[in-house]
Amino acid sequence: MRIIVVVGARPNFIKIGPLMPAFAAAGIEAPIAHTGQHYDASMSDVFFSDLDLPAPTWFLGVGSGTHAVQTGRAMIALEELLVAEHPDALFVVGDVNSTLAGALAASKIGVPVVHLEAGLRSGDMSMPEELNRLVTDQLSSLLLTPTPTAADNLAAEGIDADRVDFVGNIMAESVLRNSVGLEEREVAARLGLTPGEYVLATVHRPENTDIHENLAQIVSAFLGLELPVLFPVHPRTRPLLASAGLAEGDPRVRLVDPVGYLDMLALQREAAVVVTDSGGIQEETCMLHTPCVTVRRNTERQITLEIGSNRLVSANSGEIVAGVADALAAPRTWPLPERWDDAVASRVVAALQRGVTPLAR
Amino acid sequence: MRLIVVVGARPHVVKISPLLPELKRAGISVQLAFTGSRESVRRQEDADEEQRAGGIGFYGVKLPQPSWFLDVGTGSYAATAGRAMVAFEDIFVAEHPDAVMVVGDANASLAAAISAVKSGLPVVHLEAGLRCGDMQTPEEINRVLISRVAAVHLTPTEGALENLEDEGIEPERIYFVGSTVAQAVLTYIKELSGFSACGELGLAPAGYVLGSFHRAENLAHAPSLRGIMGGLSRSPLPVLIPDSDGLAEELAGRDITLPATVRLIGAVDYRMMLALERDAAAIITDSSGVQVEACMVRVPCVTVRECSELIPTLTCGANHLVAPDGVLIGAALDAAITQTRTWAEPKRWDRAVSDRVARALRRGITPLS
Chain U
38 MRIIVVVGAR PNFIKIGPLM PAFAAAGIEA PIAHTGQHYD ASMSDVFFSD LDLPAPTWFL
98 GVGSGTHAVQ TGRAMIALEE LLVAEHPDAL FVVGDVNSTL AGALAASKIG VPVVHLEAGL
158 RSGDMSMPEE LNRLVTDQLS SLLLTPTPTA ADNLAAEGID ADRVDFVGNI MAESVLRNSV
218 GLEEREVAAR LGLTPGEYVL ATVHRPENTD IHENLAQIVS AFLGLELPVL FPVHPRTRPL
278 LASAGLAEGD PRVRLVDPVG YLDMLALQRE AAVVVTDSGG IQEETCMLHT PCVTVRRNTE
338 RQITLEIGSN RLVSANSGEI VAGVADALAA PRTWPLPERW DDAVASRVVA ALQRGVTPLA
398 R
Chain A
9 MRLIVVVGAR PHVVKISPLL PELKRAGISV QLAFTGSRES VRRQEDADEE QRAGGIGFYG
69 VKLPQPSWFL DVGTGSYAAT AGRAMVAFED IFVAEHPDAV MVVGDANASL AAAISAVKSG
129 LPVVHLEAGL RCGDMQTPEE INRVLISRVA AVHLTPTEGA LENLEDEGIE PERIYFVGST
189 VAQAVLTYIK ELSGFSACGE LGLAPAGYVL GSFHRAENLA HAPSLRGIMG GLSRSPLPVL
249 IPDSDGLAEE LAGRDITLPA TVRLIGAVDY RMMLALERDA AAIITDSSGV QVEACMVRVP
309 CVTVRECSEL IPTLTCGANH LVAPDGVLIG AALDAAITQT RTWAEPKRWD RAVSDRVARA
369 LRRGITPLS
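Line order of the protein sequences matches chains U and A. For the first sequence, the positions run 38 to 398 when our numbering is used. For the second sequence, the positions run 9 to 377 when our numbering is used.
These are calculated hints, taken from the structure and not from any lab test. Remember, it's a predicted structure, so these values are computed and weren't measured experimentally. Do not rely on the hints blindly, as some may be mistaken.
If the Cβ cut is set under 8 Å, some of the chain A residues that face chain U in the computed set are [claimed, not checked]:
1) 122
2) 125
3) 149
4) 174
Which residues of chain A face chain U? A partial, calculated answer using Cβ under 7 Å [claimed, not checked]:
5) 94
6) 152
7) 156
With beta-carbon atoms standing in for the labels, derived distance ranges [claimed, not checked]:
8) 79(A) - 86(U): 41 to 47 Å
9) 366(U) - 101(A): 42 to 48 Å
10) 342(U) - 39(A): 39 to 45 Å
11) 231(A) - 146(U): 19 to 25 Å
Every residue gets a Cβ at the ideal spot worked out from N, C-alpha and C, and that includes glycine.
Generate the whole structure from the sequences, applying the supplied hints.
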């Protein structure tokens, strides 16, 4: 069997990390096509090396741009690739524009689509990721889901249960495989922070960074916390912080450049609390037993709310501060969700080996 | 309310033409975004007069001047859809209308729907909910996906409404408005009462079968194309085929001979086609629009496909599905030519379709949460 694996952005790299060795061991040929949707040489390379990923066979150079520009360019490049290579299936992960582009291009030329992390729903169509998820799932022949609820979401959209396979959460397996030896990285210490005595923050969603009032509320919350905040910040967001009320060099909020995958895991594990708007970090904190506060109106990772590792707050200073206090007071022990374990990749392999057939006539 | 209506394929012109006056009366301002080039719009003989009136002739149907010609051009699926997504995004971000209306199942309709939702605009889908159940056809993929992202679904049949409910679409977002193709027939057929299109071609009314083929599964598939030609060679009446989609090239490329019974003519515009349909003894097609039109002009129809999305045309007795097989098609044509034409028109295929659309839109468009 020969499949092409599409990745486009950092969360995708993480998801294929545990898969590549499993594919190789099972004799599944799985060359990687990197669309280059998120490409900044340093970060992409750090992730590939942190995750020990094979180099992409194809680099499609899609680059940045609006949603339509990214999706359109990735579709065109992937269509050419699929026509030339005609693999047995196209393997897409997550919910980025490259995921959508791959699913559209493949389905129109009759290449079956396999979607890993299928069936997640926030119910919020103002999130571009939600549209990417809805459309990709309709187009997929094999839907590999991370939670039992995901299958219910798919059934409610008319997707046959026989296309769905509950494999578990690949992000969880990646955390389990990479969390050995994290302490030795001493990342927090290198940044002058004491393990267990800082709040780690990541804020990147446009509704939080680009709406001035929301960013100001978030900054105000950070300044009001008792613990120092470590904030790896995207270069795009950095210049917005001053007008949101964060004075340069304020010791209460330490701004650093984005960090690699392993360093980020280490920082999450050693944080007292993580404040985020990222989907992946809601799951990683769950696995690392660090309480999480998610600054969003909704989440597609509802299971982390249900088990108590995560709580939702809106972009409001008081709510965020209260959320952090609640997280600090809460027990750090929760049961891990079903199939968030180290056998997810082998379940994916087993699902592929049962065969991938084009969508039924 | 400001609405941008996407005209992404030739049949869309017919489907939206009955709507526009009604939407205007309802106080809904409409701008058209056409995916073709300015030059691709065939000007009518009375172009001067139309320009004075601010309109333009599309394939024989008069529409207001589009605000945008996207000139998406030709190429692979990804190339054309990708260009269309980018062009639509530019328009939607700049204009920020209250909603975007897309029609049917064209690639451009899906591209526009994706760009609209990504730009934060609700999508209204006209001719929603039709399904053939075959996800190998690009049209079915487009329909299913547009339904997933649309905020308002306007369906031509009751079955389409049920299909959407089965896929988990909230019932309050679905309106069974009827077929605008049917309303267009009722509107335009009156203007054609003195027009004998077949006479101009030397054919007598009820003295010919009208054929129309455009789907890739028939044209680009040699066994199917051979089966269809075998069937047409058995026709008891001459078969007239206006060729708008490259049938002649497909036949030549596959060394398939055109039967002596068949006469190919160039592409015809909507009015000519409608007049030819009205006067035919029977119609043989693979087009969805023609199945509806045949039903409305009361000419029996044979559809060369595995399935039809237009179930009411089958159940009322106007339309018959047949496989691309010479013997089966020959028999189906014999039966169609001699059958009665007394079927009852499908529910809500009437003159009030556009009124129902306007009323649905005036109830407000709630974006997907």
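Hint-by-hint comparison with the structure:
1. 122: holds (7 Å)
2. 125: holds (5 Å)
3. 149: holds (6 Å)
4. 174: For residue 174(A), the interface hint holds, since the closest Cβ of chain U sits about 6 Å away, which is under 8 Å.
5. 94: For residue 94(A), the interface hint holds, since the closest Cβ of chain U sits about 5 Å away, which is under 7 Å.
6. 152: holds (5 Å)
7. 156: OK, holds: residue 156(A) within 7 Å of chain U, min 5 Å.
8. 79(A) - 86(U): 41 to 47 Å: Hint holds: Cβ distance 45 Å, inside 41 to 47 Å.
9. 366(U) - 101(A): 42 to 48 Å: About 45 Å separates the Cβ atoms of residue 366(U) and residue 101(A), which means 42 to 48 Å holds.
10. 342(U) - 39(A): 39 to 45 Å: Distance hint for residue 342(U), residue 39(A) holds at roughly 43 Å.
11. 231(A) - 146(U): 19 to 25 Å: Because 21 Å falls inside the window, the suggested range holds.
When held up to the earlier numbered hints, the structure conflicts with none and fits them all.
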